[in-house]
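Asks: Keeping the supplied structure of chain A fixed, place chain B upon it in accordance with the hints.
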Amino acid sequence: MAKKTAKKPAAEDRSFTVSDADRKGLYAAARYIGSKIEQKAGLQILFNVYLQDPSVAETDPRLGLDESFYVHWEPGLADGPTSARFAVVDFNSDTGRIVPPAEWDPAQQKFTFDGKVLDRDGLDTLQFHQVNVWAVLQRALDFFEGGQGLGRRISWGFEGNRLIVVPHAGFGQNAFYDRRSKSLQFYYFGPDDQRVYTCLSTDIIHHEFGHAVLDGVRPYYIESTSPETAAFHEFLGDLTAILIILRNNSFRQRLADSTAGNLSDADQLAFIAEEFGRTVRNKPYLRSAKNQKTMDDVRGERGPHLISQVLTGAMFDILIALAKFFVEERGRTARQAFWDTIQRMQRTAIQPLDLLPPVDVSFRDYALAVLRADELANPTDPFSHFDRMLAIFRKRKILSQEDEDALHEPRYLTERLRLSVFHDVDSIAGSREAAYRFLDDNREDLHIPWNQDVLVADLYDANKLGRQAMRLPRQTILIYLWRETIPLQSARFGALNGQTTTLLCGGTLVFDDKGTVLHWAKKPGTQATMPPRRKPRRGAWLDEETAMIAEGERRREALLDDLARLVKSGRLGFAPEGERGLLGSRMPPLTVRRADGKAHVELTPHLSLAEDDDMGERQWEMSF
Amino acid sequence: MGDELLVRVYNVGVGDCVYVRIPGGDDGFHILIDCGTIGSITLLKNALDDLRTNLPAGSAAGKKRLDLVVVTHRHRDHIKGFDPKFFEDVEIKNLWLSAAMDPKHPQAEKTRGLTAFTTTAMREVEAAGLALSPQLEMLVSLYGISNDGAMDALRETLPQQNGIEPKYVHAGQTSRDLGVRPEGATLRVLGPEQDIDGFYLGQDADEALRALQGASATIAGSSAELTAASVPINVSFDDFQRLRSRMLSSALAFAETESSLQNNTSVVLLIEWRKRRLLFAGDAEWEGEFRQGCGTGKSAT
Chain A
1 MAKKTAKKPA AEDRSFTVSD ADRKGLYAAA RYIGSKIEQK AGLQILFNVY LQDPSVAETD
61 PRLGLDESFY VHWEPGLADG PTSARFAVVD FNSDTGRIVP PAEWDPAQQK FTFDGKVLDR
121 DGLDTLQFHQ VNVWAVLQRA LDFFEGGQGL GRRISWGFEG NRLIVVPHAG FGQNAFYDRR
181 SKSLQFYYFG PDDQRVYTCL STDIIHHEFG HAVLDGVRPY YIESTSPETA AFHEFLGDLT
241 AILIILRNNS FRQRLADSTA GNLSDADQLA FIAEEFGRTV RNKPYLRSAK NQKTMDDVRG
301 ERGPHLISQV LTGAMFDILI ALAKFFVEER GRTARQAFWD TIQRMQRTAI QPLDLLPPVD
361 VSFRDYALAV LRADELANPT DPFSHFDRML AIFRKRKILS QEDEDALHEP RYLTERLRLS
421 VFHDVDSIAG SREAAYRFLD DNREDLHIPW NQDVLVADLY DANKLGRQAM RLPRQTILIY
481 LWRETIPLQS ARFGALNGQT TTLLCGGTLV FDDKGTVLHW AKKPGTQATM PPRRKPRRGA
541 WLDEETAMIA EGERRREALL DDLARLVKSG RLGFAPEGER GLLGSRMPPL TVRRADGKAH
601 VELTPHLSLA EDDDMGERQW EMSF
Chain B
1 MGDELLVRVY NVGVGDCVYV RIPGGDDGFH ILIDCGTIGS ITLLKNALDD LRTNLPAGSA
61 AGKKRLDLVV VTHRHRDHIK GFDPKFFEDV EIKNLWLSAA MDPKHPQAEK TRGLTAFTTT
121 AMREVEAAGL ALSPQLEMLV SLYGISNDGA MDALRETLPQ QNGIEPKYVH AGQTSRDLGV
181 RPEGATLRVL GPEQDIDGFY LGQDADEALR ALQGASATIA GSSAELTAAS VPINVSFDDF
241 QRLRSRMLSS ALAFAETESS LQNNTSVVLL IEWRKRRLLF AGDAEWEGEF RQGCGTGKSA
301 T
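Line by line, the protein sequences give chains A and B.
Quick note: the first sequence uses my numbering, first residue 1, plus one each step.
Quick note: the second sequence uses my numbering, first residue 1, plus one each step.
Derived by calculation from the structure, the hints in this document are not laboratory data.
Predicted, not measured: the structure shown is a model, and the values here were computed from it.
Be aware that one or more of the hints could be misleading.
Facing chain B, according to a computed beta carbon distance under 8 Å, are these residues of chain A, among others [claimed, not checked]:
| hint | residue |
| --- | --- |
| 1 | ALA84 |
| 2 | ALA87 |
| 3 | PHE91 |
| 4 | SER93 |
| 5 | GLY96 |
| 6 | ARG97 |
| 7 | ALA169 |
| 8 | SER183 |
| 9 | TYR187 |
| 10 | ASP193 |
| 11 | GLU409 |
| 12 | PHE574 |
| 13 | ARG580 |
| 14 | GLY581 |
Where is the CB? At the ideal position from N, CA and C, for every residue including glycine.
If we strip away everything but chain B, and leave its shape as in the complex, we get:
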């Protein structure tokens, strides 16, 4: 305790749950960055139990205080633990979410189209119980229906519970802009860029998505589920099944693109404290220099 800055990264399996305490004032400034896992919820419960023991008392009796919750992006391994029940005894003073999580963000319209398409497609895959390799299972699991609950909690229930408005943050903003004043420290948001579509989507993904949405009309009339009439009669059913499993899946490719895009629109937070700098990058995949129209990290060609 005392005069030291504390960073505690909880072991929650595949996922993030990071507690940062900045010393100063009476009892410090307490930040939680993400709370999610792909694995068991028990891991998160244990982490939150430990977290409570570190938090100062809140204004109401029996409550603890969290000065700031930062949610880097919408993937389950970062938000699964934001169940309002877990936070009933915690007062959240500020809630920062990535601008990409804002359902009304004007510069993320196309990205939302991609997310909606991918989510539907991946949930169909999950519902059909298809056999997938571990890599693909992981990808599909990011779009699980249980994520909706956590997203609702972050956008509505938790803010209502605490009488606050969530702030959708983007690059260029600082703690001062966002109405937060940790003593002796500055928080800077380095990502995501405000123009989500322009910076992160890329023309290829946009074109492919439009082609796919159009394909239902131009190629086959309907994208309804496979029916008996959709099975070819000039090869055996077994051969056809094998063929299907060995064709390139645009839905999976979109899921990968979308998943990568969500990662890249993570809140990237820089904490400056006594001439020291701590960077929390969420899952941003900084693969290369940004180029207009190419999506983040993709080469121009």
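The shape of chain A in the complex, shown without the other chains:
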């Protein structure tokens, strides 16, 4: 123990030294430790990263490097950088060579190269790029996994737990997420003296990472032929970029100071667009966010970016409305109001992802999930946020008048789901086998056809936070699905005529810690629940069964129509690929993969940063 006479450390020396063993001990208890202490103890490491990208840094030094960018320490940090969830592999497909990786120096607790720490003094090295993209991704993952987000670890949409990150993948105006190679790939372009590295653009990283996250959270969306589901992927990419940049203190505070928090009139809104436009140049989400499009405007369209604007615009409207509320009705300063807004927006936009159905998500599904998550977290809703959001979804025609009427019906917060066989939620949450048994025991009540081998696609607990970082009840989320075989028998399916495809069906059940079902999102099929000759149930069950089969038939017809349209418009094809790589210009927006004698359709990675959904003049033909 220190003597009383011991000299005090200098005031500016706010850190204290911890050994490796100490750090691991503290790491294990990190959830109970405040952020400031984590930083002092080396559980959060300061990195230099670009706030936006080098060109912005050059034109406006205030938006240059982020001065307070901390990344959580973890025990397995290694060269690459490599961490639990990311492995940077700097392979260049043009040269066929690996760029030497940044090296982890445990003594300094920093990434180095050639003996130098990779910070603001080494911005031009390729190893700094490696660290930049890795650090931005670590923080983005925290954004989704933290309590204000999903409140749980999220898995990737592929086998394994490490997403490969390729910072200098080759020459081209591209960056994309590719499930099949478990990777995020960032390309570079422009002449030598004006080289643009997409791995240094924070919003490109965030947009692509949004795809990776959604593919992990709902891996079956990639199999959808619905343009709205593809658009939802783009929406989440754009929204991720918008929300994470607003979480950044220096950017947000500057925005607050410039607008005085008043975002109510069109001029101020335009200012935000200008701010985004200046700092995030030529990026699609600017145009995505600031628009007045409704679902009527995009009906019949197929371009995911175009369609996504309706939902991105709606969420941006909510953000503006929240900021206005905090300033005008709660009397907060602009800076406080923006902080309150972004925290609330994170919960409002990200937490409902756990409530989404397992397949074929629509904008309506998401809007209903947003509203449901909000009423669960804020049942008394003293400031009418629910109605504010509902009005926005109505204005955008994402929700219908019937939806609004149903949501305004007098009702309780939760209703008991009629289940025949009781299962304790802790038991359901405990193992997949128990979840299977729960589903099987309650097949009839859940309208799972008797002859379908249902799959537990995912099962997890989530510990989300509400306002003032208060813990919400633990959620257990059970996702199940099955596949219905659909024959393709018409000339309109082109080369697919005579084959079969599958209609994905299933549901998402969200329980609270008492076993109450908080939310049931379902995507039914066309098959009857009960076996033949079994005496059918009547009453409410039969009404529900009839409605679900009708919805299943609507879904089947929509799938067939979508497929026929894809064939006709030439958006469906085979990926020209091989061991030498992909030929980007010949990648169709959707690829057909044949497995088990069926034609599976998959969304193709969006292989261009240009916001061009009309595919230019190239069409893809299918030939077997």
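Replies: Using the frame of chain A, we list chain B on its own:
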């Protein structure tokens, strides 16, 4: 025979072999446009056997006469059959090749750089025996080593064999300019434009090519083949292999650009005969209006 114009398009699988006979004079004017296939050489042999039966006698004993051979562009499916052995018993009077096939054409320097790069890259792919989708195999096959023989034959052996000089033709030239006089007919060359780089390459392709050539120096020091030292150690080899196969390949993209460029520099031949017009366009991909600096058929943005 007699007074009719004959066009015979031989079935050679994927490829072109077109015989045109313009009536007039003693025994007509006989043109062969291209002679190639992606498939078996047997198809070409059969086509040439049939062709011989239609050709008139040449000046030397036992030889047949072809008044004009037009080679639209350098792809294998258009030139594979130009083996000097197949033409030993045929006198070729005139040989027209696309200006883009001229190894010394001053306005195709950058295009030649692209072709050389692509050819090397695609031959590496072919030599490595990598697994490719059918579409890509087709693309790679256009650059096969066997093409060199046909190109040499067209530029040197066949001209020597016939005591003629090949003419590298471009838009604006006519049969009269090129010293050919089919009776009652005019041949007009509508493509390619003489300024190959300016019209067909485009700034993007040029910039990308320079970046790629520079990348060897600035990114990784060398573009040598993948070696053990070029394998990352923080992921498994299987994951790395899969990653490689799922990355965008600039070499393939260039092959596509180059292949498209070669198609677009095809000799486009208009035959006017008795107020009738016949257009032979080779593989020109006229996708849109030409715009300076954008490559043929690409939009300005």
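Asks: When the nearest CB of chain B is found for ALA84 (chain A), is that gap smaller than 8 Å?
Replies: For ALA84 (chain A), the interface hint is violated, since the closest Cβ of chain B sits about 12 Å away, which is over 8 Å.
Asks: Does ALA87 (chain A) pass the interface check with chain B, least Cβ-Cβ distance below 8 Å?
Replies: holds (5 Å)
Asks: Hint ARG580 (chain A) vs chain B: min CB-CB distance below 8 Å?
Replies: With Cβ-Cβ at 5 Å, under 8 Å, it holds.
Asks: Does the nearest C-beta of chain B fall within a distance shorter than 8 Å of the C-beta of GLU409 (chain A)?
Replies: violated (50 Å)
Asks: Hey, does the GLY581 (chain A) contact hint survive, CB to chain B under 8 Å?
Replies: Interface hint status for GLY581 (chain A): holds (3 Å vs cutoff 8 Å).
Asks: Can we keep the ASP193 (chain A) interface hint, with Cβ of chain B closer than 8 Å?
Replies: violated (11 Å)
Asks: Under the criterion of a CB-CB separation shorter than 8 Å, is GLY96 (chain A) in contact with chain B as hinted?
Replies: Since the shortest Cβ distance to chain B is 5 Å, the answer is holds.
Asks: Quick check on ARG97 (chain A) please, does its C-beta sit within 8 Å of some C-beta on chain B?
Replies: With Cβ-Cβ at 3 Å, under 8 Å, it holds.
Asks: Per the CB criterion, is PHE574 (chain A) less than 8 Å away from chain B?
Replies: holds (7 Å)
Asks: Given a cut of 8 Å on the nearest C-beta pair, is the interface hint for ALA169 (chain A) held or broken against chain B?
Replies: Because about 6 Å separates ALA169 (chain A) from the closest Cβ in chain B, which is inside the 8 Å limit, the hint holds.
Asks: Let me know if the C-beta of PHE91 (chain A) comes in closer than 8 Å to any C-beta of chain B, holds or violated.
Replies: The hint holds - PHE91 (chain A) has a Cβ within 8 Å of chain B, the shortest such distance being about 7 Å.
Asks: Hint validation: SER183 (chain A) versus chain B, beta carbon distance must be below 8 Å. Holds or violated?
Replies: holds (6 Å)
Taken one by one, the earlier hints fail for this structure at numbers 1, 10, 11, listed in ascending order.
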